[in-house]
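All chains should be modelled from the sequences, with the hints used to inform the complete structure.
Residues per chain, in single letters:
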Amino acid sequence: MPAVAETRKTVETLGQNTYKWGFETDIEMDIAPKGLNEDTIRLISSRKKEPEWLLEWRLKAYRSWLEMREPTWAKVHHPPIDYQDVHYYAAPRKKPGPKSLEEVDPELLRTYEKLGIPLHEQAMLAGVEVPEGQEARAPVAVDAVFDSVSVATTFRKTLQEAGVIFCPISEAVQEYPELVRKYLGSVVPVTDNFYAALNAAVFTDGSFVFVPKGVRCPMELSTYFRINARNTGQFERTLIVVEDGASVSYLEGCTAPMRDENQLHAAVVELVAMEDASIKYSTVQNWYPGDENGRGGIYNFVTKRGACRGARSKISWTQVETGSAITWKYPSCILQGEGSVGEFYSVAVTNNHQQADTGTKMIHIGRNTRSTIIAKTISAGQSDSTYRGLVRMMPKASGSRNFTQCDSLLIGDRCGAHTVPYIESRNMSARVEHEATTSKISEDQLFYCRQRGLSEEDAVGLIVNGFCKDVLKELPMEFAVEAQKLLQISLEGSVG
Amino acid sequence: MNAITPVGVNASAFLDRGDVTGNAQRQKAADFLRHVGLPRVGVEAWKYTSLRALADVPFTTAPHAADDAAADTLLAEIETISGLGAGASRVVFVNGYFDAGRSRLPKGVRVSTLAAGTLPDDGIDPAGDVTTALNTILARDGLDLVVPAGVDGGCLLLVSIGQTEAAEPVSFHPRHRIVVEKGGRLALLDASVGRGQYLHNPLYDIAVADGGYLSHARIQAEGKQAVHLAVSHARVAAGGVYDSFTLTLGASLSRHEVHAALMQAGASVHVNGAQLLSGHQHGDLTSVITHAAPDCVSRQTIKNVLSDHARGVFQGKILVERIAQKTDGYQMNQALLLSDGAEIDAKPELEIYADDVKCSHGATVGALDDDQLFYLRSRGIPDAAARSILIRAFLHDVVDQIDDQRLKDSLNLAVEAWWTREVA
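Residue numbers (this note's numbering), protein chains in the order written: chain W, 1 to 496; chain L, 1 to 424.
Careful: at least some of the hints might be erroneous.
[Claimed, not checked] Computed list of lysine-lysine pairs in BS3-like fashion (alpha-carbon distance at most 27 angstroms, straight line):
id: 1; chain 1: W; residue 1: K75; chain 2: L; residue 2: K358
id: 2; chain 1: W; residue 1: K440; chain 2: W; residue 2: K469
id: 3; chain 1: W; residue 1: K60; chain 2: W; residue 2: K49
id: 4; chain 1: W; residue 1: K49; chain 2: W; residue 2: K182
id: 5; chain 1: W; residue 1: K440; chain 2: L; residue 2: K358
id: 6; chain 1: W; residue 1: K469; chain 2: W; residue 2: K485
id: 7; chain 1: W; residue 1: K440; chain 2: L; residue 2: K326
id: 8; chain 1: W; residue 1: K440; chain 2: L; residue 2: K317
id: 9; chain 1: W; residue 1: K280; chain 2: W; residue 2: K182
id: 10; chain 1: L; residue 1: K317; chain 2: W; residue 2: K361
id: 11; chain 1: L; residue 1: K47; chain 2: W; residue 2: K361
id: 12; chain 1: W; residue 1: K75; chain 2: L; residue 2: K326
id: 13; chain 1: L; residue 1: K47; chain 2: W; residue 2: K396
id: 14; chain 1: W; residue 1: K75; chain 2: L; residue 2: K317
id: 15; chain 1: W; residue 1: K469; chain 2: L; residue 2: K358
id: 16; chain 1: L; residue 1: K408; chain 2: L; residue 2: K317
id: 17; chain 1: W; residue 1: K75; chain 2: L; residue 2: K47
id: 18; chain 1: L; residue 1: K358; chain 2: L; residue 2: K326
[As the list claims (entries may be wrong)] Just a few of them, taken from the derived set where beta-carbon distance is under 8 angstroms, the chain W residues facing chain L:
id: 19; residue: L410
id: 20; residue: G416
id: 21; residue: E424
id: 22; residue: A430
Hints in this document: simulated from the structure, not taken from any laboratory.
Using N, Cα and C, we set each Cβ at its ideal position, and we do this for glycine too.
This is the structure:
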């Protein structure tokens, strides 16, 4: 959640401008009626003034989605989702936000405070209508996604000078149709899985990044997602293409205000790395996990996949997952290019009634490809957390290597921690190594900390941060600090 | 739990052969199999093994054991492989039927067989898995063995001989029950051999009472065209030990599914095994070890040596229930790929609901280590010999974990015999 002051401008714009495609202020007009059918898709497509090929692409996805079933292999349980009871399109409009922080849910503010977010940013995050903002500070470019439409993008100019395209994907469809057409769905095909097909049919917006040959992106790119309107599923689509010898670091952070209903989120992220290119994709996800009784919370069913197309390309996923009622997410790498490298670093924390089934897939296709998986799972309360990861060595992946380490930590005796690795090798000279452990916080370590005057909660926080160190150190700095605090907050009330 | 969706292949070829009327267990099994069908790839529990091909084979019920020379040859073969010679007690089944003539019943233990057409009320869920359901519908005979309290039953050979003279493909589904009462002991060497096209689908219902001890080593050396689908349901009580080992050598398609439950504190199980496959063989070792009580220990080491276009599958789950605090579980799974066409698919799984546990697993896949080969070569050992040393050392590591010396010797002999044949 790299929330920075620039975003406030965005918020402001949100509040003041009417939607540029001319929606009227009538509520019925800027939210599509509930339900999913070809008309809904045509509506989305026409609202976004999309070219014919994209509409066809969406319809093809929708038609295959109709034939598909929800996956049942993940270790998550939820009541059946009524896909007809969701608004598939909501454009932002002026709505009365809280006038000051006094009007904001104190529970939410307490969380912000613990995260160490400056007051004015807290106001921004809580959706407080703010007066004229200050100057931009941090060198982080933000493409703010509010519900379904990316409304503003900062630092466009700096990026443009470097030749980097960073804009909402709906805009990219208008301005760079050839690029979008070439790469959209090339990593996650429309028929890939149930949720990806749904996303392809109804995605409303997301980010598009294109880094041309030899360019090192001059700043960290970030998208700041937020679920805002009631009952609107979020169907973001992100596409990042990095050409030969280029590199980019992309940060994605999420938060959502307290909410009662379950909200569906089915995003798709596609990464393409050409020869010698490198992409670092970092996520901190702390969406509303539901209350301590398991009511409400976000359903986060995400498909993230990167293709290392060129030789020596590299894709690195780092994620800190603390939020959502249900997480279903497997950021993957297809290691096609000779000598390409895939990495996955993950911390998943579940508390109360949260359920997480997350992991990665490393598909080794090219020769001498390498992958590293480090996954740390922490379960507390009555939650269930599963690491599920696939390592596949294809027949041509000679000399390829994988190393996987999965560690689970259980806090309390009412939670569950599960490890489900899939190891498939069809090449003799490929080597796969996997190790996993499950344990609880050691009494000795806890005693040591307590004896030195740390409260039990602080001690647990310290130990947990140590447990996750291998992953946290992979995060860009502005995320790392926040992530540490986030871990501690997520585990509140789980000890003692 | 996820609902099981009917995505399998129509199993009517088997369902039509079973008479399930008037038997609730068989009825339940048939309903289940009718619903889920024969698994094909895509069902999570059968992710890597498909039984699709079975639907097209016109299996018939195996004829009653015939007294033919082929059976004697096979029996002699297994005695050679196992090293358990003429003196040892043995129970012989031919095509799934008890063969009194070839058996030499042991003393001190109670041996009987399943009366024709009946099914013991053994508490095994007939609809828990496909292998069990198939056996429940079609079981005709089986060993019923009880080691009385405090008795050392010594070493017993259980032999299954398949398809001796019949021309048509047959299937047989013996249902064995092995009970070790309080403080009893038994070493059971269980070997399957055969010729021709047949399906051997044995079920083992195993109970080890307080302080009991059962070492159960299986040598699966079925004929080349055979299909072997075995399932073991083992329950171990306080302080009991169930030490199991499966050596997979034969059959074109095989799967051994072990469900072992640690029911009371202090119980321990070993679910070890090795699969040595070549040609186009497909071997699957699947296990679920359930820690249903605190202070139990489970150990699992599985090794695969795969050459040609063989495919090895290992799916192992350790399930630690909420109550099973102080669990000590360890699982290791290794595969050696000796050719580029070979494939290993492994899914070692931990499902843990108790916090004060020590559970870990490890897995490695790869070719023979170049450094180790170089070490041996640099000391003047020829390439073939060096490879042989390394492969056998790799296997020795797991066979050595068998607790009972007699069974260990037998398995080592079987591995050596396999290797000799492999080199030839």
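Results of checking the hints against the structure:
Restraint check: the Cα-Cα separation between K75(W) and K358(L) comes to about 22 angstroms, which is no more than 27 angstroms; the hinted pair holds. At most 27 angstroms may separate the alpha-carbon atoms for a hinted pair to count; K440(W) and K469(W) meet this at roughly 17 angstroms. With a C-alpha separation of about 18 angstroms, the suggested pairing of K60(W) with K49(W) holds against the 27 angstroms cut-off. About 19 angstroms separates the Cα atoms of K49(W) and K182(W), which keeps this hinted pair within 27 angstroms; it holds.
Of the supplied pair hints, the one linking K440(W) and K358(L) holds, its CA atoms being roughly 8 angstroms apart against a limit of 27 angstroms. Of the pairs offered as hints, the one joining K469(W) and K485(W) holds, with about 13 angstroms between alpha carbons and a cut-off of 27 angstroms not exceeded. As the CA atoms of K440(W) and K326(L) are separated by approximately 11 angstroms, the hinted pair is consistent with the 27 angstroms bound. Annotation: proposed proximity of K440(W) to K317(L) holds, straight-line Cα distance about 20 angstroms (limit 27 angstroms).
About 22 angstroms separates the Cα atoms of K280(W) and K182(W), which keeps this hinted pair within 27 angstroms; it holds. Proposed proximity of K317(L) and K361(W) is supported: the alpha carbons are some 20 angstroms apart, at most 27 angstroms. At most 27 angstroms may separate the alpha-carbon atoms for a hinted pair to count; K47(L) and K361(W) meet this at roughly 16 angstroms. For a cut-off of 27 angstroms, the pair hint linking K75(W) to K326(L) stands: about 24 angstroms separates their Cα positions.
Between K47(L) and K396(W) the alpha-carbon distance is near 23 angstroms, which keeps this suggested pair within the 27 angstroms criterion. A hinted pair counts as satisfied when its Cα atoms are at most 27 angstroms apart, and K75(W) with K317(L) qualifies at roughly 14 angstroms. Proposed proximity of K469(W) and K358(L) is supported: the alpha carbons are some 21 angstroms apart, at most 27 angstroms. In summary, the hint linking K408(L) to K317(L) is supported, as the alpha carbons are separated by about 25 angstroms, within the 27 angstroms threshold.
The suggested pairing of K75(W) with K47(L) holds, with an alpha-carbon distance near 16 angstroms, which does not exceed 27 angstroms. Using a Cα cut-off of 27 angstroms, the hinted pair K358(L) and K326(L) holds, with the two alpha carbons roughly 7 angstroms apart. Here the hint on L410(W) is kept, as its CB sits about 4 angstroms from the closest CB of chain L, short of 8 angstroms. Given hint, G416(W) at the interface with chain L, holds; its Cβ is 5 angstroms from that chain's nearest Cβ, closer than 8 angstroms.
Of the supplied interface hints, the one on E424(W) holds, with its beta-carbon coming within about 5 angstroms of a beta-carbon of chain L, less than 8 angstroms. Interface hint at A430(W): satisfied, since its Cβ lies 7 angstroms from the closest Cβ of chain L, which is below the 8 angstroms cut-off.
Every hint from the earlier list agrees with this structure, and none is contradicted.
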